[in-house]
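Given these sequences and hints, build the entire structure.
There are 6 protein chains.
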Amino acid sequence: MTDSPLTHFDSTGQAHMVDVGAKTETARIARAAGSIFMQPETLALIRAGSASKGDVLGIARIAAIQAAKRTGELIPLCHPIALTRVAAEFTIDEAATAVHCEVTAECFGRTGVEMEALTAASIGLLTIYDMCKAVDRGMRIDNLRLIEKKGGKSGHWQGN
Amino acid sequence: MTDSPLTHFDSTGQAHMVDVGAKTETARIARAAGSIFMQPETLALIRAGSASKGDVLGIARIAAIQAAKRTGELIPLCHPIALTRVAAEFTIDEAATAVHCEVTAECFGRTGVEMEALTAASIGLLTIYDMCKAVDRGMRIDNLRLIEKKGGKSGHWQGN
Amino acid sequence: MTDSPLTHFDSTGQAHMVDVGAKTETARIARAAGSIFMQPETLALIRAGSASKGDVLGIARIAAIQAAKRTGELIPLCHPIALTRVAAEFTIDEAATAVHCEVTAECFGRTGVEMEALTAASIGLLTIYDMCKAVDRGMRIDNLRLIEKKGGKSGHWQGN
Amino acid sequence: MTDSPLTHFDSTGQAHMVDVGAKTETARIARAAGSIFMQPETLALIRAGSASKGDVLGIARIAAIQAAKRTGELIPLCHPIALTRVAAEFTIDEAATAVHCEVTAECFGRTGVEMEALTAASIGLLTIYDMCKAVDRGMRIDNLRLIEKKGGKSGHWQGN
Amino acid sequence: MTDSPLTHFDSTGQAHMVDVGAKTETARIARAAGSIFMQPETLALIRAGSASKGDVLGIARIAAIQAAKRTGELIPLCHPIALTRVAAEFTIDEAATAVHCEVTAECFGRTGVEMEALTAASIGLLTIYDMCKAVDRGMRIDNLRLIEKKGGKSGHWQGN
Amino acid sequence: MTDSPLTHFDSTGQAHMVDVGAKTETARIARAAGSIFMQPETLALIRAGSASKGDVLGIARIAAIQAAKRTGELIPLCHPIALTRVAAEFTIDEAATAVHCEVTAECFGRTGVEMEALTAASIGLLTIYDMCKAVDRGMRIDNLRLIEKKGGKSGHWQGN
Numbered sequence: 001m002t003d004s005p006l007t008h009f010d011s012t013g014q015a016h017m018v019d020v021g022a023k024t025e026t027a028r029i030a031r032a033a034g035s036i037f038m039q040p041e042t043l044a045l046i047r048a049g050s051a052s053k054g055d056v057l058g059i060a061r062i063a064a065i066q067a068a069k070r071t072g073e074l075i076p077l078c079h080p081i082a083l084t085r086v087a088a089e090f091t092i093d094e095a096a097t098a099v100h101c102e103v104t105a106e107c108f109g110r111t112g113v114e115m116e117a118l119t120a121a122s123i124g125l126l127t128i129y130d131m132c133k134a135v136d137r138g139m140r141i142d143n144l145r146l147i148e149k150k151g152g153k154s155g156h157w158q159g160n
Numbered sequence: 001m002t003d004s005p006l007t008h009f010d011s012t013g014q015a016h017m018v019d020v021g022a023k024t025e026t027a028r029i030a031r032a033a034g035s036i037f038m039q040p041e042t043l044a045l046i047r048a049g050s051a052s053k054g055d056v057l058g059i060a061r062i063a064a065i066q067a068a069k070r071t072g073e074l075i076p077l078c079h080p081i082a083l084t085r086v087a088a089e090f091t092i093d094e095a096a097t098a099v100h101c102e103v104t105a106e107c108f109g110r111t112g113v114e115m116e117a118l119t120a121a122s123i124g125l126l127t128i129y130d131m132c133k134a135v136d137r138g139m140r141i142d143n144l145r146l147i148e149k150k151g152g153k154s155g156h157w158q159g160n
Numbered sequence: 001m002t003d004s005p006l007t008h009f010d011s012t013g014q015a016h017m018v019d020v021g022a023k024t025e026t027a028r029i030a031r032a033a034g035s036i037f038m039q040p041e042t043l044a045l046i047r048a049g050s051a052s053k054g055d056v057l058g059i060a061r062i063a064a065i066q067a068a069k070r071t072g073e074l075i076p077l078c079h080p081i082a083l084t085r086v087a088a089e090f091t092i093d094e095a096a097t098a099v100h101c102e103v104t105a106e107c108f109g110r111t112g113v114e115m116e117a118l119t120a121a122s123i124g125l126l127t128i129y130d131m132c133k134a135v136d137r138g139m140r141i142d143n144l145r146l147i148e149k150k151g152g153k154s155g156h157w158q159g160n
Numbered sequence: 001m002t003d004s005p006l007t008h009f010d011s012t013g014q015a016h017m018v019d020v021g022a023k024t025e026t027a028r029i030a031r032a033a034g035s036i037f038m039q040p041e042t043l044a045l046i047r048a049g050s051a052s053k054g055d056v057l058g059i060a061r062i063a064a065i066q067a068a069k070r071t072g073e074l075i076p077l078c079h080p081i082a083l084t085r086v087a088a089e090f091t092i093d094e095a096a097t098a099v100h101c102e103v104t105a106e107c108f109g110r111t112g113v114e115m116e117a118l119t120a121a122s123i124g125l126l127t128i129y130d131m132c133k134a135v136d137r138g139m140r141i142d143n144l145r146l147i148e149k150k151g152g153k154s155g156h157w158q159g160n
Numbered sequence: 001m002t003d004s005p006l007t008h009f010d011s012t013g014q015a016h017m018v019d020v021g022a023k024t025e026t027a028r029i030a031r032a033a034g035s036i037f038m039q040p041e042t043l044a045l046i047r048a049g050s051a052s053k054g055d056v057l058g059i060a061r062i063a064a065i066q067a068a069k070r071t072g073e074l075i076p077l078c079h080p081i082a083l084t085r086v087a088a089e090f091t092i093d094e095a096a097t098a099v100h101c102e103v104t105a106e107c108f109g110r111t112g113v114e115m116e117a118l119t120a121a122s123i124g125l126l127t128i129y130d131m132c133k134a135v136d137r138g139m140r141i142d143n144l145r146l147i148e149k150k151g152g153k154s155g156h157w158q159g160n
Numbered sequence: 001m002t003d004s005p006l007t008h009f010d011s012t013g014q015a016h017m018v019d020v021g022a023k024t025e026t027a028r029i030a031r032a033a034g035s036i037f038m039q040p041e042t043l044a045l046i047r048a049g050s051a052s053k054g055d056v057l058g059i060a061r062i063a064a065i066q067a068a069k070r071t072g073e074l075i076p077l078c079h080p081i082a083l084t085r086v087a088a089e090f091t092i093d094e095a096a097t098a099v100h101c102e103v104t105a106e107c108f109g110r111t112g113v114e115m116e117a118l119t120a121a122s123i124g125l126l127t128i129y130d131m132c133k134a135v136d137r138g139m140r141i142d143n144l145r146l147i148e149k150k151g152g153k154s155g156h157w158q159g160n
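Residue numbers (this note's numbering), protein chains in the order written: chain A, 1 to 160; chain B, 1 to 160; chain C, 1 to 160; chain D, 1 to 160; chain E, 1 to 160; chain F, 1 to 160.
If you are wondering where the hints come from, they were derived from the structure by calculation, not from laboratory data.
Honestly, I wouldn't trust all of these hints.
Any copy will do: because identical chains look the same in the list, a pair fits if it lies in one copy or spans two.
[To be verified] Okay, derived cross-link-like pairs now, SDA-like style, lysine to any residue, Cα gap no bigger than 20 Å in a straight line: (1) LYS150 x SER4; (2) LYS150 x ARG137; (3) LYS153 x ASP93; (4) LYS23 x LYS153; (5) LYS23 x GLU102; (6) LYS150 x ALA134; (7) LYS150 x ARG85; (8) LYS150 x VAL20; (9) LYS153 x GLU41; (10) LYS23 x ARG110; (11) LYS153 x THR97; (12) LYS150 x ASP136; (13) LYS153 x GLU94; (14) LYS150 x ALA22; (15) LYS150 x HIS100; (16) LYS23 x ASP142; (17) LYS153 x VAL135; (18) LYS153 x PRO40.
Below you can see the structure in the form of structure tokens.
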């Protein structure tokens, strides 16, 4: 029987947390991004809060960073990872009436941190949804994706 | 000073977990949905696994259900909620080369379960990403949104 | 298609957290028990510690109680439950060179607390293993089982 | 043998999570407070950040609220509690070169929320320590205490 | 005063998380096993589900892997460990009307992973109990034990 | 724009988990301490329990050790850390009618363990509060502080 190209399954199709013990420790970076689209009035409230009070994006940033640390608990086959850096950046896009989020995660370890960056971006955007849902239930999270990955055997990868 | 329409902030702009103690307990339902888009070859691997071995969608379903229970830990201002039901359905869409996910969450309580449904869908889709990323790093999660909400003072709401 | 007698699956075989929203809240009790068997010398160390210093059983008791509260995170399809009481009792059995553990869990709610009692007993016994493994790696946990259950539609059940 | 006045122990001295199943559900409120003392220069940095950027107190507030929800995991014999409200207020005290924190926690349930308020205040103050420790390792947390408690059999209690 | 042979206690009998800072990092493996015994009809339902729908063992496998990652939270004096591999195998035993579980855990670190393997096996078996308890409350978990350990100062150990 | 001396903020004032990837791994130790003050009668109950039954301090010690392991989840910008040792010592002070707590935390890593020691001491003292609050609601936690720190670029630091 040939192995599945899906490495989280062994040759009999059973899921496992794959063996990374033989991999060398290298510096690893992943960047992920996503967006939340909303009504112009909602975006105006977020912008107003960021400047003075009711800081939606400041709270979303903390939620994103904390979620990165819990990725191994949330994604069943992820390895626990000792992150060395997490940063989350939110940008208000008036034209698109959206907030864009970009998260960078880093570690020095045996496996990549793509899931940490993606999970952080996802929870950051959901936190914006939570805080604004009383005024805009129809917000939509879109285009959550990996945009860059460095380190490890597979080297440098860039999306868009 | 007038209150912010963003109820998670008090009149001075400080974040709080809003008081729901005076709300009546009612049956509450929320449905959320989202999609992950991928290469046709990746979708073929998922379909093959679901039928026989390497069950990506079965594992994503468990991750979604477990994430619903942890929502209060992930989203800073969410209340802890005693969920009475969570179900997650995944549909393979050949035409769009995507997997669609729909989650229903229910409770009998003082506040809604929208965030539980959205968080579950998000983590379910990220679990698919995790299991297929070795063959397709460019997958994209899109259109994560609330599609229905019942119960509580605000009544019935439907998106699309 | 007929439904599975395994209620955690819907009629198409998909796992879900079953709907308990329509159940009435009743007082519920579950008792679970299990044992760990060991060398007589190991049991003597545990007995000595309980009397004066190095209180293995006191620490196992706390681990059991704390694990009961985390059951919903550990067992994928368990509901989150607001436990109203947990007690864990350990008994030294010289004849069998074993420690027996019995846990009682209670709640006032819509679903039973069997898994909470069983998980607590299991983690309590594993904590004994952890603390004594430096002197006795061959310890064995046996006979972990539900011994009683009250409340809810299914009424009173007793095992042995 | 007479029972210990410490209710977390049974008559043989074994710890347990005490039975609250027979208590009636009432509205319960607890307020706790504490302070962190520091160098005037450190306080000036916190004040500057609160006004414009580097919002130490905004992050401490989120940490406090999230900690309140995890109290049952941290304090071994605490019951899990469905909090209905948490608010954390920080006050800058120039004269004392300190930040004071006051947390209010509420639930509608069978047991009090003192530990939730105290744990939240404690983690909020520790978060201030964490964010300022690079410039002031000698900060000191003082006077962490319960200041008010309402609801339940013991009625209204006020400290100072 | 002589030290206790129970290394989790200091010379005065106080529990601590023992110092492993001076140990060298080596590859470490632990294998643990256990069984759950049940009615023949229950085993038939599990077997049927594994082949087509209602995959009890697939869900138990995920629960086991996730529990391995939480061991440090559950067992009070365990060190947090960066696992590099976890695999859980379930075998249906018609003659014994039982399901056997074997878990392998690995890390590259300063302390062993016995507790991770044992905790994973335990939670995997409890998940089977949870999913089948509606049809068979009398199931029994037996013979949970360490079967092999490699790495570290104590070298290779095998049980049976 | 000059950087803030508060390193948890970047030059635009956004919070992040600071990059420690380039730091060398060294042995790190932190010691923290704090006290809880109470009525003489309460202290007498704690002393009685420590000697025979109702071991408040034994339970507080376990709570402290477990909290040290969860620090990264509680303090938003803390790095996850693989602790190699945690010890918590409680001293009864008759003259001050107080219990003093001192925690030592150690790791071999890229960042310090001050927050782990402080969080452990804080939760240990709160656990004493929890177990004695039925007899003494006015207990007060005071003087929680770092007392020593070794390892890393900043070298040896001692408080008092």
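Evaluated hints:
Proximity of LYS150 and SER4 under a CA criterion of 20 Å is satisfied in neither setting, with 25 Å inside one chain copy and 29 Å between copies. Proximity of LYS150 to ARG137 under the C-alpha cut-off of 20 Å is restricted to the inter-copy arrangement: shortest distance 13 Å between copies versus 37 Å within a copy. Within a single copy, LYS153 and ASP93 get their C-alpha atoms no closer than 36 Å, and across copies no closer than 33 Å, so neither meets the 20 Å cut-off. Taking the shortest alpha-carbon separations for LYS23 and LYS153, only the intra-copy value of 9 Å comes in at or below 20 Å, while the best inter-copy value is 23 Å.
When the C-alpha separation of LYS23 and GLU102 is checked against a cutoff of 20 Å, the pair qualifies neither within a copy, at 28 Å, nor between copies, at 25 Å. Taking the shortest Cα distances, LYS150 and ALA134 sit within 20 Å of each other only across copies (14 Å), while inside one copy they are farther apart (40 Å). Only within a single protomer do LYS150 and ARG85 lie at most 20 Å apart by alpha-carbon distance; the minimum there is 14 Å, versus 22 Å between protomers. In this assembly of identical chains, LYS150 and VAL20 lie within 20 Å of each other by CA distance both inside one copy and across copies; the values are 17 Å within and 17 Å between.
Taking the shortest alpha-carbon separations for LYS153 and GLU41, neither the intra-copy value of 47 Å nor the inter-copy value of 23 Å comes in at or below 20 Å. Proximity of LYS23 and ARG110 under a CA criterion of 20 Å is satisfied in both settings, with 5 Å inside one chain copy and 18 Å between copies. For a Cα distance limit of 20 Å, the shortest separation of LYS153 from THR97 qualifies neither inside one copy, at 39 Å, nor across copies, at 28 Å. In this homomeric assembly, LYS150 and ASP136 come within 20 Å of each other (Cα to Cα) only across copies, at 16 Å, whereas the closest approach inside a single copy is 37 Å.
For the homomeric pair LYS153 and GLU94, neither the shortest alpha-carbon distance inside one copy (40 Å) nor that between copies (32 Å) is at most 20 Å. In this homomeric assembly, LYS150 and ALA22 come within 20 Å of each other (Cα to Cα) both inside a single copy, at 19 Å, and across copies, at 16 Å. In this assembly of identical chains, LYS150 and HIS100 lie within 20 Å of each other by CA distance neither inside one copy nor across copies; the values are 22 Å within and 30 Å between. In this assembly of identical chains, the alpha carbons of LYS23 and ASP142 never lie at most 20 Å apart, being 34 Å within a copy and 33 Å across copies at closest.
Within a single copy, LYS153 and VAL135 get their C-alpha atoms only as close as 47 Å, which misses the 20 Å cut-off; across copies the closest is 14 Å, which meets it. Within a single copy, LYS153 and PRO40 get their C-alpha atoms no closer than 44 Å, and across copies no closer than 25 Å, so neither meets the 20 Å cut-off.
In this structure, the hints that do not hold are numbers 1, 3, 5, 9, 11, 13, 15, 16, 18, in rising order.
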